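**Q** Line by line, the protein sequences are chains A and B.
In terms of my numbering, the first sequence opens at residue 1 and continues consecutively.
In terms of my numbering, the second sequence opens at residue 1 and continues consecutively.
Treat the hints loosely; a few may be bogus.
Here are the simulated DSSO-like pairs of lysine-lysine, each with C-alpha atoms no more than 30 Å apart in a straight line [stated by the list, open to error]: (1) B:K245 <-> A:K39; (2) B:K185 <-> A:K231; (3) A:K51 <-> B:K225; (4) A:K51 <-> B:K245; (5) B:K143 <-> A:K51; (6) A:K39 <-> B:K185; (7) B:K3 <-> A:K39; (8) A:K229 <-> A:K197; (9) B:K228 <-> A:K231; (10) A:K51 <-> B:K261; (11) A:K51 <-> B:K262; (12) B:K185 <-> A:K160; (13) A:K175 <-> A:K189; (14) A:K138 <-> A:K51; (15) A:K97 <-> A:K51; (16) A:K51 <-> A:K131; (17) B:K261 <-> A:K138; (18) A:K39 <-> B:K228; (19) A:K39 <-> B:K261; (20) A:K97 <-> B:K228; (21) B:K262 <-> A:K39.
Everything labelled a hint here was simulated from the structure, so no lab data went into it.
No experiment lies behind these values; they were computed from the predicted model shown.
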Amino acid sequence: MRMKQIVPVCLLLLLCSSLLFAGTVSGKVTYTGTPAHQKPIDMGKEPSCAKQHATPITTETVVTGPNNALDNVVVYISSGAPDDGQVPSQAVTFTQKGCQYIPHVLVMHTDQELKIVNDDQTSHNIHPLAKVNTEWNKSQPPGTPPITAKYDKPEFISVKCNVHPWMHGEFAVLKTNHYDVSKDGGDFKLPNLPPGKYTITAWHEDYGTQTADVTITGSETQSVNFTFKAKAY
Amino acid sequence: MGKFFAITIIVIAIASAIPIVLHTWEAPEDISTHGHLIDSQMDETMLEAGIAFLAAQLILAVFIWQYSNPRPDAKIKRFPGGAKGLVIGALLLVGAEVMALGVFGVKAWADVYLNPPGADAMPIQVQAGQFAFYFRYPGPDGKFGALHADRISEANQNYFGLDPEHDVESRDDIVTAEMAIPVNKEVHLLMHAKDVGHSFFVRELRVQQDFVPGLDVSLHFTATKVGKYEIVCTQLCGLGHYNMKTYLNVLSQQDFDDWIKKEAAMQ
Numbered sequence: 001m002r003m004k005q006i007v008p009v010c011l012l013l014l015l016c017s018s019l020l021f022a023g024t025v026s027g028k029v030t031y032t033g034t035p036a037h038q039k040p041i042d043m044g045k046e047p048s049c050a051k052q053h054a055t056p057i058t059t060e061t062v063v064t065g066p067n068n069a070l071d072n073v074v075v076y077i078s079s080g081a082p083d084d085g086q087v088p089s090q091a092v093t094f095t096q097k098g099c100q101y102i103p104h105v106l107v108m109h110t111d112q113e114l115k116i117v118n119d120d121q122t123s124h125n126i127h128p129l130a131k132v133n134t135e136w137n138k139s140q141p142p143g144t145p146p147i148t149a150k151y152d153k154p155e156f157i158s159v160k161c162n163v164h165p166w167m168h169g170e171f172a173v174l175k176t177n178h179y180d181v182s183k184d185g186g187d188f189k190l191p192n193l194p195p196g197k198y199t200i201t202a203w204h205e206d207y208g209t210q211t212a213d214v215t216i217t218g219s220e221t222q223s224v225n226f227t228f229k230a231k232a233y
Numbered sequence: 001m002g003k004f005f006a007i008t009i010i011v012i013a014i015a016s017a018i019p020i021v022l023h024t025w026e027a028p029e030d031i032s033t034h035g036h037l038i039d040s041q042m043d044e045t046m047l048e049a050g051i052a053f054l055a056a057q058l059i060l061a062v063f064i065w066q067y068s069n070p071r072p073d074a075k076i077k078r079f080p081g082g083a084k085g086l087v088i089g090a091l092l093l094v095g096a097e098v099m100a101l102g103v104f105g106v107k108a109w110a111d112v113y114l115n116p117p118g119a120d121a122m123p124i125q126v127q128a129g130q131f132a133f134y135f136r137y138p139g140p141d142g143k144f145g146a147l148h149a150d151r152i153s154e155a156n157q158n159y160f161g162l163d164p165e166h167d168v169e170s171r172d173d174i175v176t177a178e179m180a181i182p183v184n185k186e187v188h189l190l191m192h193a194k195d196v197g198h199s200f201f202v203r204e205l206r207v208q209q210d211f212v213p214g215l216d217v218s219l220h221f222t223a224t225k226v227g228k229y230e231i232v233c234t235q236l237c238g239l240g241h242y243n244m245k246t247y248l249n250v251l252s253q254q255d256f257d258d259w260i261k262k263e264a265a266m267q
């Protein structure tokens with residue numbers, strides 16, 4: 001075989017091996033203690049939103065599940081991933097519906113396109129409270145096209161609506177595509193991890209950040225669990 | 001031409017006075033104990049200003065009729081006493097009118113602001129912030145917990161910045177988005193702004209109060225009729241000012257007790 005053929009073949013084999021040997025980190029996020037009571041939201045000042053909720057929704061700062069599961073925790077590879085910095089081409093969407101942000105926590109890659117949709121009959125004014133990235137706010141009357149934006153630096157950004165004080169969400173801008181948000185019982189899964197040493201970080205908007213180190217040797221599934229201490233107030 | 005103008009002035013003056021005299025646009029129903037004083041004040045003001053207005057327009061029209069299109073050799077007439085006399089006359093007339101209205105209105109003002117509320121008036125704290133009003137009831141202990149601006153967290157609906165972990169008095173405080181009060185019970189509002197200037201206006205209560213950032217404003221009133229009334233912000237406060245409103249629910253004592261119990265359970 002010639003050099004010209006050997007190199008591409010080797011690269012192909014390497015690629016295949018990294019795909020073949022791709023491990024997964026999965027686990028559960030739970031809490032100890034008693035979380036603060038999530039208060040129902042009175043949307044009386046915005047009747048078009050209030051009537052979309054037969055029972056008032058509550059704040060989503062702490063979303064729990066059975067067996068002390070903690071949802072809405074962003075779990076991601078904070079170091080060790082060889083493919084960081086690859087900006088996905090598809091956009092992520094943040095929707096304003098029923099005067100609520102859906103999803104409550106939205107994860108995106110730096111420089112990935114963010115689309116903000118107003119699905120309500122009222123105007124919103126979305127105001128992501130960025131401190132590292134540029135802070136901005138923008139009015140969005142009903143029926144207008146989505147707002148597009150992007151953030152170029154990693155940051156966890158609180159999002160509020162200037163018109164409706166109860167609306168709250170979070171943007172997690174990461175420099176990796178290896179992330180998940182715990183849900184359905186606090187479960188998360190980080191697949192497609194080539195063999196190597198990784199640091200996994202779990203972030204909750206109120207309970208802080210935790211890290212764990214994990215090593216993937218082949219195509220196994222490593223189990224990593226996170227437990228956060230709940231705050232009573 | 002001048003005479004036609006004179007007639008036009010009279011016609012416009014009378015036409016604009018007619019709807020006022022006929023009460024074409026009624027004030028909304030008055031549901032407060034002090035409201036009638038304000039309404040009479042309004043009527044008196046309209047009457048005095050109306051008479052002065054019609055008189056002024058009539059005199060103007062007469063002068064225009066009389067002295068428009070003067071003959072080339074007509075002499076210029078001067079008001080006896082000259083300008084000085086006119087100015088003094090105007091000062092005395094207008095001054096008397098304004099003083100009279102002030103004197104007549106002092107009772108209405110005092111009833112809301114100067115006379116202290118009764119000892120068993122119900123205190124409710126009102127916070128105006130961009131772009132919603134929030135209310136706080138002291139709860140069973142009758143005391144308001146301390147406010148901590150740095151603890152304000154809209155995400156957690158802690159609009160007032162309470163610290164129940166360290167302030168025992170705030171643990172039973174009840175924060176609501178709508179205001180409810182029992183009918184025929186004096187209410188003492190303790191008002192402050194969270195950020196910029198706002199204003200609290202319930203037209204049926206004849207209560208309108210500006211919030212000045214940094215000031216704690218106090219007023220009291222008694223509502224006399226059960227119903228649901230709008231509370232709107234009447235001081236331009238930003239891009240959401242048009243949307244800044246909530247409701248005042250005047251309830252029977254029983255309904256109010258049920259309401260406050262329900263709100264307390266949701267805290």
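**Q** Would you mind marking each hint as holding or not holding in the structure?
**A** Evaluated hints:
With a C-alpha separation of about 21 Å, the suggested pair K245 (chain B) and K39 (chain A) falls inside the 30 Å cut-off, and the hint holds. For the suggested pair K185 (chain B) and K231 (chain A), the alpha carbons sit about 39 Å apart, so the restraint of at most 30 Å is broken. Distance restraint check for K51 (chain A) and K225 (chain B): the Cα-Cα separation of roughly 27 Å lies within the 30 Å cut-off, and the hinted pair is therefore satisfied. At most 30 Å may separate the alpha-carbon atoms for a hinted pair to count; K51 (chain A) and K245 (chain B) meet this at roughly 17 Å.
With a C-alpha separation of about 34 Å, the suggested pairing of K143 (chain B) with K51 (chain A) is violated against the 30 Å cut-off. Restraint check for K39 (chain A) and K185 (chain B): the C-alpha separation of about 29 Å stays at or below 30 Å, so the hint holds. The hinted pair formed by K3 (chain B) and K39 (chain A) fails the criterion: a straight-line CA distance of about 72 Å is larger than 30 Å. In summary, the hint linking K229 (chain A) to K197 (chain A) is supported, as the alpha carbons are separated by about 27 Å, within the 30 Å threshold.
Among the hinted pairs, K228 (chain B) with K231 (chain A) is inconsistent with the structure: their alpha-carbon atoms are about 38 Å apart, more than 30 Å. With a C-alpha separation of about 23 Å, the suggested pairing of K51 (chain A) with K261 (chain B) holds against the 30 Å cut-off. A hinted pair counts as satisfied when its Cα atoms are at most 30 Å apart, and K51 (chain A) with K262 (chain B) qualifies at roughly 19 Å. For the given pair, K185 (chain B) sits about 38 Å from K160 (chain A) by alpha-carbon distance, which is inconsistent with the 30 Å threshold.
A distance of roughly 18 Å separates the Cα atoms of K175 (chain A) and K189 (chain A); the hinted pair therefore holds under the 30 Å criterion. Pair hint K138 (chain A) plus K51 (chain A) holds up; C-alpha atoms about 25 Å apart against a cutoff of 30 Å. For the given pair, K97 (chain A) sits about 12 Å from K51 (chain A) by alpha-carbon distance, which is consistent with the 30 Å threshold. A hinted pair counts as satisfied when its Cα atoms are at most 30 Å apart, and K51 (chain A) with K131 (chain A) does not qualify at roughly 35 Å.
Restraint check: the Cα-Cα separation between K261 (chain B) and K138 (chain A) comes to about 39 Å, which exceeds 30 Å; the hinted pair is violated. Proposed proximity of K39 (chain A) and K228 (chain B) is supported: the alpha carbons are some 24 Å apart, at most 30 Å. Taking the CA atoms of K39 (chain A) and K261 (chain B), the gap is near 15 Å; set against the 30 Å cutoff, the hint holds. A threshold of 30 Å between alpha carbons decides the hint, and for K97 (chain A) with K228 (chain B) the separation of about 27 Å falls inside it, so the pair holds.
Taking the CA atoms of K262 (chain B) and K39 (chain A), the gap is near 12 Å; set against the 30 Å cutoff, the hint holds.
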